[in-house]
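For the protein sequence lines, the chains are A and B, in the order given. The first sequence begins at 164 in my numbering and counts up by one. The second sequence begins at 164 in my numbering and counts up by one.
FYI, nobody ran anything at the bench for these hints, they're computed from the structure. Honestly, I wouldn't trust all of these hints.
Simulated restraints, written as ranges between beta carbons of each label pair [said to hold, decoys possible]:
{"no.": "1", "chain 1": "B", "residue 1": "T900", "chain 2": "A", "residue 2": "K653", "range": "55 to 65 Å"}
{"no.": "2", "chain 1": "B", "residue 1": "K732", "chain 2": "A", "residue 2": "E304", "range": "41 to 51 Å"}
{"no.": "3", "chain 1": "B", "residue 1": "K406", "chain 2": "A", "residue 2": "K653", "range": "56 to 66 Å"}
{"no.": "4", "chain 1": "A", "residue 1": "K688", "chain 2": "B", "residue 2": "K266", "range": "48 to 58 Å"}
Here are the simulated lysine to any residue pairs, SDA-like style, with alpha carbons at most 20 Å apart [unchecked claim]:
{"no.": "5", "chain 1": "B", "residue 1": "K369", "chain 2": "A", "residue 2": "E351"}
{"no.": "6", "chain 1": "B", "residue 1": "K819", "chain 2": "A", "residue 2": "E351"}
{"no.": "7", "chain 1": "A", "residue 1": "K439", "chain 2": "A", "residue 2": "E453"}
Quick reminder that beta carbons are idealized off the backbone N, C-alpha and C, glycines included.
2 protein chains.
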Amino acid sequence: MNSFFWFRLLHCHETLIDRNIVPLARLFYNSHRYKQVESSSEKDLSYRLKRKGHFGKKNRERISTYLYNMASPEIEKELAPLRAAVKEYGDLIRSLKEKDAPKTDVDRAVVELKARKKKLEERELALVPKNVSFFDRLKFEDLLKQRFFYDKSFAIYGGVAGLYDFGPMGCAMKANMINLWRNHFILEENMLEVDCSVLTPEAVLKASGHVDRFSDWMVKDLKTGECFRADHLIKNFAEKMCKDMKTPANVKDELKEVLMKLEGFNDADMHSVIVKHNIKSPITGNELSEPIAFNLMFPTVIGPTGDFKAYLRPETAQGIFVNFKRLLEFNQGKLPFAVAQIGSGFRNEISPRQGLIRLREFTMCEIEHFVDPNNKSHPKFELVKDYNLVLFTGCNQMDGMQAQTMSIGDAVAQKLVANETLGYYMVRVHKYLVRIGVDPQRLRFRQHMANEMAHYSCDCWDAEILTSCGWIECVGVADRACYDLVQHSKASGEKLVAEKVLSEPKIVQVVEAVPNKAAIGKIYKAEAKQILAKLEQLSAEEVEALEKQIISVGSTRLQYGNKEVELQKDHITVKRYEKKVYAEEFHPSVIEPSFGIGRIMYSVLEHSFRQREGDEQRLYFALRPIVAPIKCSILPISANLRFEPIMAAVRSELAKFSVSYRQDDSSGSLGRRYARTDAIGIPFGITIDFESEAEPWTVTLRYSITMEQIRLKVSDVGKTVADLSSEIMSWTEAQQTYPKFEQKSDS
Amino acid sequence: MNSFFWFRLLHCHETLIDRNIVPLARLFYNSHRYKQVESSSEKDLSYRLKRKGHFGKKNRERISTYLYNMASPEIEKELAPLRAAVKEYGDLIRSLKEKDAPKTDVDRAVVELKARKKKLEERELALVPKNVSFFDRLKFEDLLKQRFFYDKSFAIYGGVAGLYDFGPMGCAMKANMINLWRNHFILEENMLEVDCSVLTPEAVLKASGHVDRFSDWMVKDLKTGECFRADHLIKNFAEKMCKDMKTPANVKDELKEVLMKLEGFNDADMHSVIVKHNIKSPITGNELSEPIAFNLMFPTVIGPTGDFKAYLRPETAQGIFVNFKRLLEFNQGKLPFAVAQIGSGFRNEISPRQGLIRLREFTMCEIEHFVDPNNKSHPKFELVKDYNLVLFTGCNQMDGMQAQTMSIGDAVAQKLVANETLGYYMVRVHKYLVRIGVDPQRLRFRQHMANEMAHYSCDCWDAEILTSCGWIECVGVADRACYDLVQHSKASGEKLVAEKVLSEPKIVQVVEAVPNKAAIGKIYKAEAKQILAKLEQLSAEEVEALEKQIISVGSTRLQYGNKEVELQKDHITVKRYEKKVYAEEFHPSVIEPSFGIGRIMYSVLEHSFRQREGDEQRLYFALRPIVAPIKCSILPISANLRFEPIMAAVRSELAKFSVSYRQDDSSGSLGRRYARTDAIGIPFGITIDFESEAEPWTVTLRYSITMEQIRLKVSDVGKTVADLSSEIMSWTEAQQTYPKFEQKSDS
């Protein structure tokens, strides 16, 4: 259990204690990031909401306003007992911790706390009146598929679960999101960008903990060998039983209890549920194995011999850590600095569903911000301190309270958010998400509770976005402390440290094992280099232990890597001396914002899905111009050759400003063609009509969201659409510059 | 053997024959693309040149001018016998083909032809006087490593051959190259961009031919199991022996012969060399196995059961082919259209060396241009027809002639280049390469000879760039005909065709197997769908064959996918009728330009590597501003706090225009800091000096290539550097706008 986290829970109203003095050593293990960080609400709300078709469309604004106004007296009255039930356990946990109660007691209480939280959250969402919350997922997914935003990979071969191809629309939108990300983070924050290998040798991922711990529990059909993710299997079974009229009430209650607590279950817990309820393979009815850990990395081998094991990277972060030394050098040895990477990650999910939300191959954007562990302030924090975020703190969650709006300055001052750097990134993440089109009313930061935290993390806030699948974790902002650098230092024997000049020099006692290089070289030959490196790395205590052994038994054993050698008396001399040091070495801490591009894209698409007032069939995406896959359409009012010279002039104007366009000169009414371009989220439409031919040539420009139009010269159209697309100019500004065009009709 | 190619060779001086009538069916197999397409010169020149340190630096211009002027009488005199020797075999092959000689005879002659070509090319390069061709590869590689353009992946763990990480400089440069690629191709040519999965099921790559044929020959140490690429092993052995004074002259001659012909060797050829010269493992001296085929794809498995085999894609192209149907629909059913993809490819090379030139993981940019096989004209060809390219045609190669400069219009008119679309792309490729900084004097297009062509290709031109490793193939422009779409149609059962309206409707005789759906469904249940689909796909001949069987024996067997069913008499009825059809279906041809970004980047870096006149230590990269990783530096003349407000104003001006910069306010002379920024290819340097403080604030702007400076207002600096960086404005234009600044000294 991470004592740092508990420290915060216990003292979350005491703001004056310096948090940096708390030891970060005992990092709590948890299977892996993405899996853990899902809010409890997400998992079992998704199925419920899918059926009910919750949220969005017609009254999109109202739902989020509604959630904000939940504190209205009537609703609060209904929620009060549930809030109290959560708080009861929050208080219990605090007192258990104060009394230093056994870890198992605390863990059990946490599981119960989370179950109560889940009940509260479900009730909150259920209180949304049915008529304000309708989202037609079928129509939404249909439109995405039809217009090839994205779809299952290798569909003509039956498709592969968890793999998606982005078609022209999805690909362009993704490229725009990534470009904006690069500007917003790498350029504006002067980060170093790197691009590292996907293929990763086993040794690297052994050091990072992924080989041993990056896994999910699965059960196997004992006859066919078919595999199921254990928690999903139990969930599906329990849901089905709860719906079944024939299930006795007491069993239903028991299974509801299981559903509430499932997220906290380990293998033994799950096995006992499977045994107790006699759960069989849902496909064959055969017996199932006990839960077994299944590593989620894709294995492969490098080279022809077959014995160089490797994996596809499960995150891009490791590529940055192993390059730390070069990057620090590149930054002229100075801290802090941030390194970013955009690239693919791979996770061999046992049975992925949920489209872009759970993929086996996905695009990540990750930042590793290296910082002095004793000084996590940020030079630009002052500039953002008044920025408001919706924070769902660990305390709020334990007390059964709602998320609260708060300035980041206050949150850091009150130690709710661990440090300025974490806080600064939370603001930057928020700005980015809103800029690309996430509805700020459906965006919150939720702090991880202790048993959700990944094995390397000591504080973590997730940017969660509310979609029809519930709250989805889309960005994690974690303080990974120095976990990774320390692990790679140990495993590789390479020092991954920064240096800090001391305010005044200090005298240190050095105890050093000076090797007899000739003797060691003679015996160990090629191995000698590694042995010497290891000797150099030994701490004073370790050297003294070696010395003791040599004195007592005449030789000692030295471990390096996976190997061991025997060193004789004449192989080393122990030297003691005083040294004046002016600088000290330390492992930097890492603050890591990590973005799942697919999930964010899904959320943006859902938040932009619209229907024209009064016309159920006219569905479209109201995308921000800056992320829209194509910036404008070119539509001649009729398929007439006489328009070709004007269209050519328009195309060349657009090309001059690198504006992407789609020309639709097919037959069909203008209104129908508008509808077609609206459906792929094209924000601006250029129409050539009969008035266009009068010198100087003009065209009309239509904004898809409002359907308003202006008229402007062909020679102005490139720059205007470019400025509108990059959002240097707003539509309102364009309307002030150019005369309005009253269209005859939009159909 | 590809009859199309031979057709061209036989008739390469006859220009009036319509090439489209030649059947494309019998596509010749060749192991795989990148491997084959290396020019023969590349392979064995690389070692020679590495040692001699050929090409570049001081007199970079002269070497290419030199190569161009090789036709000078003295040199031509020396080359004449070698050219004649090549031509002799070129003529021989033509006459063999005319006489319909056995394929083995032709193949043998081709091997000899290539050996003679290689001898000629080596002589050509050797004739470059030593003093004009010096390229210091060590210094070049050192600078790249030191400034972290790129370096071995996982270096702290010892590194992995064939895997490289791009550091901040390399990554930014790569991103710029790709952005430009996207503008130059996707945007300007209105292509559809897609982004498909790397993980690819075995069935897909089985259909594409990669599972069976994408391999290299390797030999194993019979005791240790260590593997060597057979051709590399022989090459290294032969080279070593040839250098050895003790090797008898006749053996040397024999081995030189082997080196010349090695590229054309199959497994038996290589085995006989190994046996004859008693070649052993170079590491242990143990016996070696016979050459065995090693598939170059990285294998993995998807999902937990371990029986869903998959590979990492060896090229991005397949992702486009399997999405053909959706893409055609997206394009409203119209041909031609082009689809592009930018992404990673993976090849498990047996023993990669050569840095970025042979990688196990690499970035590709590929375009698949789908076109009617009977009309490969291009609407924009007219615009480029006068563009000159250096073409090294198959005929030139067979005749021992030099590459020749020719307009693409003439080349297509003379049928040297197969069609307008191929020619149009060659021009676009050339423009792109020159735009990003490839020296046009070291760039040529070489046509593939028949036995180099990949198994799917019917005509191919490589853009080859001359570097210190010889001519490197960086872009392949291939006509893949309809190979891939046909293969995937067959394997998936999905029709991957386009439709063409006939000029007049025609009457066709239909013979159809009408299934008894109820009966088939009852017996075959879930399988029924596939059976019905297969029945629908049968040709008239196949239906008649089934019918015959049913009549004679009462039942028939139908194969679908890997399975087979028995159909009884009452399962199908054969129906015959006439049908008037207005359109016909066909498999489109594909023209594919395929870019290896790593190789191109390497070439650009080599072509930009410079040394300051008179100062051997001042090495730098003269990169085009548009690809430069960082656009400008900010250098205060001294580390003085009073400059901070001006620097802040400069930074904010730059940010306004999204210009990347690097600030260097470390101590050290200005000259030294300039040198540091020059070394990472920063084209523009902004200096704040004591004059800067006079209102309105000004700065100096320095261009790294010429070291000239101008002085301009801080308020102008953002727009100016942005325009210079995007090459909207040239340095000369900037000099005309702003006053010259005479610096005191650059050191």
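Next on the checklist: Checking each numbered hint in turn, tell me which of them this model violates, lowest number first.
Outcome noted: Checked against the structure, the hints that fail are numbers 3 and 5, while the rest are satisfied.
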